[in-house]
Structures are given as structure tokens and as C-alpha cells.
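Colleague: Once you've looked at the hints, dock chain B against the given chain A.
Line order of the protein sequences matches chains A and B. Residue numbering for the first sequence follows numbering that gives the first Met the number 0, starting at 0 and increasing by one per position. Residue numbering for the second sequence follows numbering that gives the first Met the number 0, starting at 0 and increasing by one per position.
Bear in mind the hints are in silico, worked out from the structure with no lab data behind them. Given the structure is predicted, the values throughout are model-derived calculations rather than measurements. One should not assume that every hint holds.
Said to hold, decoys possible - The following label-pair restraints were derived from C-beta to C-beta distances:
1. B:ILE27 - A:LYS123: 55 to 61 angstroms
2. B:LEU251 - A:ARG173: 41 to 47 angstroms
3. A:GLN155 - B:LEU247: 24 to 30 angstroms
4. A:GLN155 - B:SER115: 48 to 54 angstroms
5. A:ARG173 - B:LEU95: 45 to 51 angstroms
Stated by the list, open to error - Rough simulated footprint, nothing fancy, chain B against chain A, three-plus residues with beta-carbon under 8 angstroms:
6. 87-98
7. 118-128
What the hints assert, rightly or not - These stretches of chain B come out as covered by chain A in the derived footprint (C-beta under 8 angstroms, 3 or more residues):
8. 149-159
9. 162-169
10. 177-188
Glycine included, C-beta positions come from ideal geometry on N, C-alpha and C.
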Amino acid sequence: MQKFTSKHAETSCGDERSGDTAARPLLRIEGLSKRFGSVAAVDRLSLDIYPGEFFALLGPSGCGKTTLLRLIAGFERPTAGRILLDGVDIASVPPYRRPVNMMFQSYALFPHLSVEANVAFGLKQEGLPRREIAGRVADILAMVKLGDYAARKPHQLSGGQRQRVALARSLVKRPRVLLLDEPLAALDKKLRDATRFELMELQRQIKLTFIIVTHDQSEAMMVADRIGVMDQGRLMQVAAPAEIYQRPNSRWVADFVGDINFFQGRVGDDHMTVEGTAAGRLRVAAPIEAEARTPVWVAVRPERMLLSRQEPASGLDNSLGGTIVETGYLGELSIYRIRVADGSAVKAAVVNAGRGGEPVPAQGDHVWLSFPPEAATVLTR
Amino acid sequence: MRRVTWFNLCAIVLGIAFLYLPIVILVIYSFNASRLVAVWGGWSTQWYAQLAGDTAIVGAALMSLRVAFVSASLATLLGTLAALALVRFGRFRGRLLFASMIYAPLVMPEVITGLSMLLLFVAISVDRGFWTVVIAHTTMAMCFVAVVVQARLADFDMSLEEAAMDLGAPPLRTFLTVTLPLILPAIVAAWMLAFALSLDDLVIASFTTGPGATTLPIRIYSEIRLGVKPEINAVCTIFIAVVGIAVLVASLLTKLTGARGTSARIEP
Chain A
0 MQKFTSKHAE TSCGDERSGD TAARPLLRIE GLSKRFGSVA AVDRLSLDIY
50 PGEFFALLGP SGCGKTTLLR LIAGFERPTA GRILLDGVDI ASVPPYRRPV
100 NMMFQSYALF PHLSVEANVA FGLKQEGLPR REIAGRVADI LAMVKLGDYA
150 ARKPHQLSGG QRQRVALARS LVKRPRVLLL DEPLAALDKK LRDATRFELM
200 ELQRQIKLTF IIVTHDQSEA MMVADRIGVM DQGRLMQVAA PAEIYQRPNS
250 RWVADFVGDI NFFQGRVGDD HMTVEGTAAG RLRVAAPIEA EARTPVWVAV
300 RPERMLLSRQ EPASGLDNSL GGTIVETGYL GELSIYRIRV ADGSAVKAAV
350 VNAGRGGEPV PAQGDHVWLS FPPEAATVLT R
Chain B
0 MRRVTWFNLC AIVLGIAFLY LPIVILVIYS FNASRLVAVW GGWSTQWYAQ
50 LAGDTAIVGA ALMSLRVAFV SASLATLLGT LAALALVRFG RFRGRLLFAS
100 MIYAPLVMPE VITGLSMLLL FVAISVDRGF WTVVIAHTTM AMCFVAVVVQ
150 ARLADFDMSL EEAAMDLGAP PLRTFLTVTL PLILPAIVAA WMLAFALSLD
200 DLVIASFTTG PGATTLPIRI YSEIRLGVKP EINAVCTIFI AVVGIAVLVA
250 SLLTKLTGAR GTSARIEP
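The following block holds chain A by itself, in its conformation from the complex:
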């Protein structure tokens, strides 16, 4: 239930949540900055994380997402700003007194300790009775399916097993927030895909708040309830995965998350068209909230492009012609790069399933591209 509210309450980046009383943020970051010399790794960043949420920080390497995670964990002191956990500022609390645990990208398993001792380490620091420690360690090891490996040393485990020990070790203390720094980056593709599902399943079972840092957009899209897209120490957009993909708020986000085609033009007088693009006059589905004649970009995902050999009947759809310069067969999809009139290349993705005896478009073929007005997103920046 919690998850449902959190997923739907936030609609866009700077959204005020005054009307929503059900979801009080668990973690609130206010104007947080971290400078290393003259470089701002995190730059006046504000963000709310809600209880039970699976939040992903997505961005290219060096965007400051790991620094933000380390600020929350307590390994870095902020230059400015506050980190509120349940309303209490923890920015100056040392990492060993924060009810926050982190899973490291390198896993950071203690090589001299067994799997069991690694997992028990955190509970021992709390001074819990030995019997309780043993019980909780056994439970969590069973949960990550490592019950039979309790006595092994980390170097006797496979990469996937080590990853699960690291996860168990950070979960066993039942932190208020679990931070995961590229938790799947060191695994091979097959294992990574399987582990993503396990991670989501686990999060659902234990109802903890997860913040994951990743540079892999499909990973973020798949596991997270909400994604914060970061660049140069700032959050570019915070929204649910579908929202980020379908309604990016800037060209940068649109381009970073998935593939996209841009057509630059100017807002038409009726606010329902964009004029002077490579495809001529383009119709959009909703009125553009910008002055007429302002430069804007019409963004269309490649999979929303329809490819045909004949010129489409002039209807409501936008269309443009071009020549195929490259084709890429990806199995379920084929990607076409089409050189259009102004010399730029437009990408179209076509699903390969259900294609009959119709000949496949090939390099050099002249084709027509079309897309309905609702497939277009207008971006002003």
C-alpha cells in the first residue's frame, strides 16, 4: 500500500507534496552539496525518499551518484545542506551510528572471516546476545540461499555467492535505509538478470527502503519504483520509470534514458504544431506550453516510428521520407538508421515478430517514417 502511494504521489521533479499526508518522507535531503576542491560532486541537491520505496539513482559515471550515496552512509561530510532521517539531521553523525547500511560495489567482504562471521559482524557491534545473533544470521543466510556456505571464506565463493553474502551482511542489521552501490555490476549478464528479480522480490518481502546507485538504465527501470536521473551533481528528473521514459523533462534525460530522435523547430501559432523541423510541420497531441516561435525539440522514441514503403496517406500522422543507411538485427527488434532530407539520421525500431512474407527493408531502400502526434514529446530544454 505504501508503495502504491509513493509511486503515484510524485509526478515531476519539483512537485510539492503538501496534499499528500499518507507518505511522510523517511529520508529528506535538503540543499545538499559536497565539494572536492573546486569540483561540486553533489550540487545543492534536494530529494525525498519514502518508506518502503525502491529508489534508483541513475546517471553517467562521475555524475555524483556514488558521492550522494556515501553522504547518506556517512563516509563523506557534506559541504552544505542537511540529511534528515525521520526528521533528524544525521549529516554529522558518524557512519557507525547511522541506522543506514550500505552494500559496496566491491562487496568489501572481510577476507579473514567466514561467511557466517561476516554476516554476524554488524550484530556483534550491537552487543546482542550470542543466541540471537546466531538465529538472525541463520535466517538471513537461508533467505539468500547460502545456508550451506556459512563456514566458507569469501575467496571460496563464486561472484554471485559473494554478492549475496554482501547483501545479507548489510540487511541483517535491519537498517532504516539500505544503500546499494552498483550491486550487480560485477556479475555476468545472465546472473545479473536473475539477481535483479531476486532483489525486487527480497525488497518486497522485507519492506525495507532501498536506494540503489546504477549507471545501467535498464536496471534502474526494472527494479525501481522511482528513478532520480543525475548529471553533474544535480537531479535532472525524479519520477517513476515509465514517466521518465515517456515524458522526459529535458533533452538530456530523454537522450540518457533509452534511444530517441529529436526534431528541432519552433512552436507554431496554434500551439499544436512545431514548424520548420527536418520533417516539416509536426503535429503534437497536447497544447505546447510555450510562446509561439520559441525554439523547441520534438522527441520521438525509435519504437514509436512506423516504417513503410509507400508514402502514408496524408492524415493526422507526421511523416517524412528517407533512405536506409544502416540496419541492425537484435533478435526481437531490428534497428534502422534512415538518412532524411536534411542529412540527419533518424532511428526506427521495428518488432520482428509477426512479420510475414513481406520483404525486409534493406540498406539503400527508400522508406517512409511516420508517427502519431501522441508519440511526440515536446521539450523546451
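Modeller: Just chain B now, kept in the frame of chain A:
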């Protein structure tokens, strides 16, 4: 590319002979039945037996062991702290100066170290004896310890300490439960090295020693001046065995931890 050629073989044989022939001869002659050093008179262990009765030699050997034990322990403590400071505290003010001051004794001639120590002890009018030798040996050995421990700390994964703190261990407990166990083999190896260095030092010890603190090398050297006695060969043989074992254990420990560190990184 491991080929045994005549050149390689000759180089190895000559190299080893050059290093170890004198030692082998000394060991063989320690089992010489003849009183005359240069004349072979058959096998015997009589000099080892006589050695046991020579209180001066045994006393000096015990003194050497005590000095080596105390100075190696002190040097290990100080050297480890120096290594931690160099590796952990980043670019603190005067780091380069500190680093070069720690490494200087590595290349300083022992005569100079010994002489400067002597001058210091005379200047502050300290009675020379057991403790002055210990202090001098600690000074000499701690830089070797710092080098050995620093090498181990340099490839220590800092995220291990962060993980320990993240799991609730304050800095001191993190050091004791995570850092120390992981660098312990290097510390033990460094202790062994310091022990061996102190045991075989003659120059610094003879500058800084006083009445009642004669170490074994000093004793041997003074006896040699009166002529080579077969007992000395026996003492030296025992000495070689002790130092050899210490160095062997030290290098095994270093290798062992190195191997463990590597295997942890390789994906099975």
C-alpha cells in the same frame, strides 16, 4: 619462457657458490674434530658440547636474544605506526620529509648511526648498557618495519574499513577487528626481520654497548682477534640457523598473505 641453458645454470651455480660457500665451509668446520682451524680432523660435535660450558659465550648469546626481542618489538610498534601515518593520513604537511626521514636509516652507514647514537648517549650522559643497545637497534630496525608494513597497507582495500564502520564498528574497533588481522602477517614478518637485524648487528652494538651488555657478535669479534677457535664456528653455525629460520618464516608469511590476497580477487 623457462629454459635451462648452460649460461643460466652456470650463473645460478656460481651465484649460489659465491653467496653460500663461505657459510658452508664454516658449518663444516664447526664439526671438525681437530683443534687447528685449517686442518680437517674428521667429524665431531665436541665444540658444541664445549660451547654449552662456555658461560661467556652463552651469556652473550642470551644477551643478544634479549636485545633482539625487545628492540624488534619496539621497532615493530613504532614502524607500524609510521607506516599507518604515511599510508593513511594522505598528504599531510611535511609528509615527504617524514617519509625520507624514515627511509634515511636504510641507506645510512651503520658506523654513522652507531657513532651518532654514541654521541647522543654521551651528551645526555646515559649509562651505556642493555637499554642503549635496544634503543639503537630499535632506531635502525623501525625503518625496515615501516617499509614492510607500508607495502601491505598500500594495497589494503579501504572499503573493508568503511564496511566495518558502516556495520557499526567505531574506528578503534574497526582497526582491531578488520585492519590489524589483515596486516598481521606483514607485521609478524617485519618483527622477524627486525629480530634478525638486531641479532647480527656488530657495528651499532659495539658503539652503544656498555659493561655487562656484550652481545654475541661483539663477543665473537673480540675472541676472533685472539685467534679463530673452533667453538666460534659452532656458535656461528647456530646463529646462522636462527637467523635463517627467522628470515625464512618472514618470507613465507609475506608470500602466504600475498597469495591469499590474490586468490580473493580471482573469480573462480
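Colleague: Does each hint fit the structure? Answer for all of them.
Modeller: Now for the hints, and whether the structure bears them out:
The hint said 55 to 61 angstroms for the Cβ distance between B:ILE27 and A:LYS123, and at roughly 57 angstroms that hint holds. A hinted range of 41 to 47 angstroms for the beta carbons of B:LEU251 and A:ARG173 is consistent with their spacing of about 43 angstroms. For A:GLN155 paired with B:LEU247, a C-beta distance near 28 angstroms keeps the hint of 24 to 30 angstroms intact. For A:GLN155 and B:SER115, the hinted distance range of 48 to 54 angstroms is satisfied, since their beta carbons lie about 52 angstroms from each other.
The given range of 45 to 51 angstroms is respected by A:ARG173 and B:LEU95, whose C-beta atoms sit roughly 47 angstroms from each other. For the segment 87-98 of chain A, the stated coverage by chain B holds: 4 residues have a C-beta nearer than 8 angstroms to a C-beta of that chain, and at least 3 were required. Closer than 8 angstroms: that is the beta-carbon criterion, and the segment 118-128 of chain A has 4 residues meeting it against chain B, so the requirement of 3 holds. Under a criterion of three residues with beta carbons nearer than 8 angstroms to beta carbons of chain A, the stated coverage of the segment 149-159 of chain B is upheld, 3 such residues being counted.
Counting residues of the segment 162-169 of chain B whose C-beta sits closer than 8 angstroms to any C-beta of chain A gives 8, which meets the bar of three, so the coverage hint holds. Taking a C-beta to C-beta cut-off of 8 angstroms, the segment 177-188 of chain B contributes 3 residues in contact with chain A, enough for the three needed, and the coverage statement holds.
Violated hints are absent here; each numbered hint is respected by the structure.
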